[in-house]
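**Q** Just need the whole structure built from these sequences, with the hints factored in.
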Amino acid sequence: MADYKAPLREMNFLLHEVFEADKLWARLPALAETADRETADAILEEMGKLAANTLDPLNRSGDEEGCHWNDGVVTTPEGFPEAYATYCEGGWGALVGNPEYGGMGMPKMLGAQVEEMLCSANISFALYPVLTNGACLALDAHGSDELKEKYLPNMYAGTWAGAMDLTEPHAGTDLGIIRTKAEPQDDGSYRITGSKIFITGGDHDLSENIIHLVLAKLPDAPKGPKGISLFLVPKILVNDDGSLGERNAVHCGSIEHKMGIKASATCAMNFDGAKGWLVGEVNKGLAAMFTMMNYERLGVGIQGLGASERSYQSAIEYARERVQSRSPEGAKQPEKSADPIIVHPDVRRMLLTQKAYIGGARALSTYVAKWLDLSKYGEGEEKQHAEAMVALLTPVAKAFFTDKGLECTVLGQQVFGGHGYIREWGQEQLVRDVRITQIYEGTNGIQALDLIGRKTVANGGAFFELFAADVQAFINANAGNDALAEFIVPLATELQRLKDVTAAVIEAAKTDPNAPGAASVEYLHQFGYVAYAYMWAKVASVAVGQSDDFYRSQVKTARFFFARLLPQAKALAASVLAGSETLMDLEEDLF
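In terms of my numbering, the sequence shown opens at residue 1 and continues consecutively.
Derived by calculation from the structure, the hints in this document are not laboratory data. Incorrect hints may appear among the rest.
[Said to hold, decoys possible] When the alpha-carbon atoms are kept at most 30 Å apart in a straight line, the in silico BS3-like pairs for lysine-lysine are as follows:
no., residue 1, residue 2
1, 5, 336
2, 284, 148
3, 499, 376
4, 181, 226
[To be verified] Each pair of labels, with its calculated beta carbon distance range:
no., residue 1, residue 2, range
5, 249, 224, 26 to 34 Å
6, 46, 176, 38 to 46 Å
7, 169, 38, 44 to 52 Å
8, 46, 549, 22 to 30 Å
9, 85, 45, 18 to 26 Å
Don't be surprised by glycine CBs; every beta carbon is placed ideally from N, CA and C.
**A** Below is the structure:
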């Protein structure tokens, strides 16, 4: 496995040249005095060092050892507590946090790049601070001033970690049927009783306290999702002076033995009358939870991107060093017994596919993060526009990044041939680790249904039209640029095809209740290809005509994407337009 090297040139290129982030930050009052190009570059460089020198060396050993559970106590693999301490000493947990409570207040456009490096180096480690970030976000948006003052500073510092407790054994996607209950107490707190499963970082030895955000129902709550409330439940109770007090009645009953992310503690949590405090309004817990869902779901997508980048770095190094057979054009290195496998067309196909999907995902993650920043720091119509774009693009980012993340890691493994199947080379771990990203934070099938159902059909395509207008504006602005015609013309064609398919599904849904579900996954993938095409066209618009090797690489990769990968969007459209009939026609007992 090659040593990880943070792709800082690519990140800086996207932030500063493609999206001109510093200009955006300068016009947003909350960011104008905080974020600038010099600061961003320094932050990315430092995280690159931490990821490469501290976290990446623990990735394989953490996978081999895994987490341990002993009589309710969870310990992480050797080296993880020390690495976590180093992470916290650098102030990384405060990066995007609210400055009122000790955060740095940096934009998500920068935070997304930092998350990618964390996930490339060590997804299992990354999950601990990333889940804390999500808990902080929900608490900051919906918690009382008292709760925020009491908990956020230590959570930003990493002294206390966070966990999100949603899923129950019988309630995964359908949270409306959860059974965890919350009983009001005379002192204003609540008594929380119930069990949760699949809780990432539910218990561990990295921090001195863990702050759980728990979904539960009051005794008189309405049935279904409208009766869910959100509660803050600390592992160790916090005294009025901020010091730690007694152990709360929350314990880890076991940890899961998983396919991947083995150094991340996935816990079954038991709340036996634990003391908790309401976050936000009664029966509005799901809305509060969804405040952080857009950030977390983009974060899961970035895990797919991070694993892809790590796999690609190893695959390209191996392809340059491994010699097998001669080039179809004749010997490239006649002094050797064979040529490096990178000369072979099929190996190049695999590597370029990885490179194209990674570049598209990195650009799109930055684009979505831009809308997240505008939804948080913008005002008026701009803020509303951004919120709609975030709602539309989040399921695409989560599902498409991770579906292609698995594809990319499998391609990286394939480049290694038999060695890719052997543990010591590292590629098989990436395949195992990235697989969960298609499942948690809402399966990719659920993301696809969310995109076509709630975000498209339900509003008559209003959100989609915002995205389409943004792409069309770019097309119009570059319509007369002959140097970009090879990208602009097919982008316009595929955008129109996506418009037509969107309209067809909206119309079909009026008479066929199965139409959205039948179209969902293929529609999301078609959308993903068009979104990547838009990103690669934007990249090409900056890079075309420049002689530097970096820019030439960008243009040639964009050309490969448009020629070899984007055509899949046409086939996906045909699948969507086939409708639900053949899908639903087979009787259940004939399966």
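**Q** Evaluate each hint against the coordinates.
**A** Outcome of the hint check:
Distance hint between residue 5 and residue 336 is fulfilled; the C-alpha atoms sit about 29 Å from each other, no more than 30 Å. This hinted pair checks out: residue 284 and residue 148 have alpha carbons roughly 18 Å apart, not beyond 30 Å. Distance check on the hinted pair: residue 499 and residue 376 sit about 29 Å apart at the alpha-carbon level, within 30 Å; holds. With a CA separation close to 14 Å, the supplied pair residue 181 and residue 226 stays within the 30 Å bound.
Take residue 249 and residue 224: their Cβ atoms lie about 28 Å apart, and the range 26 to 34 Å holds. In this structure the hint that residue 46 and residue 176 lie 38 to 46 Å apart at CB holds, the actual value being about 44 Å. Range check, residue 169 to residue 38: about 50 Å between beta-carbon atoms, so the 44 to 52 Å window is met. For the hinted restraint 22 to 30 Å between residue 46 and residue 549, the CB-CB distance of approximately 26 Å keeps it satisfied.
Residue 85 and residue 45 have their C-beta atoms about 21 Å apart, which keeps the hinted 18 to 26 Å range intact.
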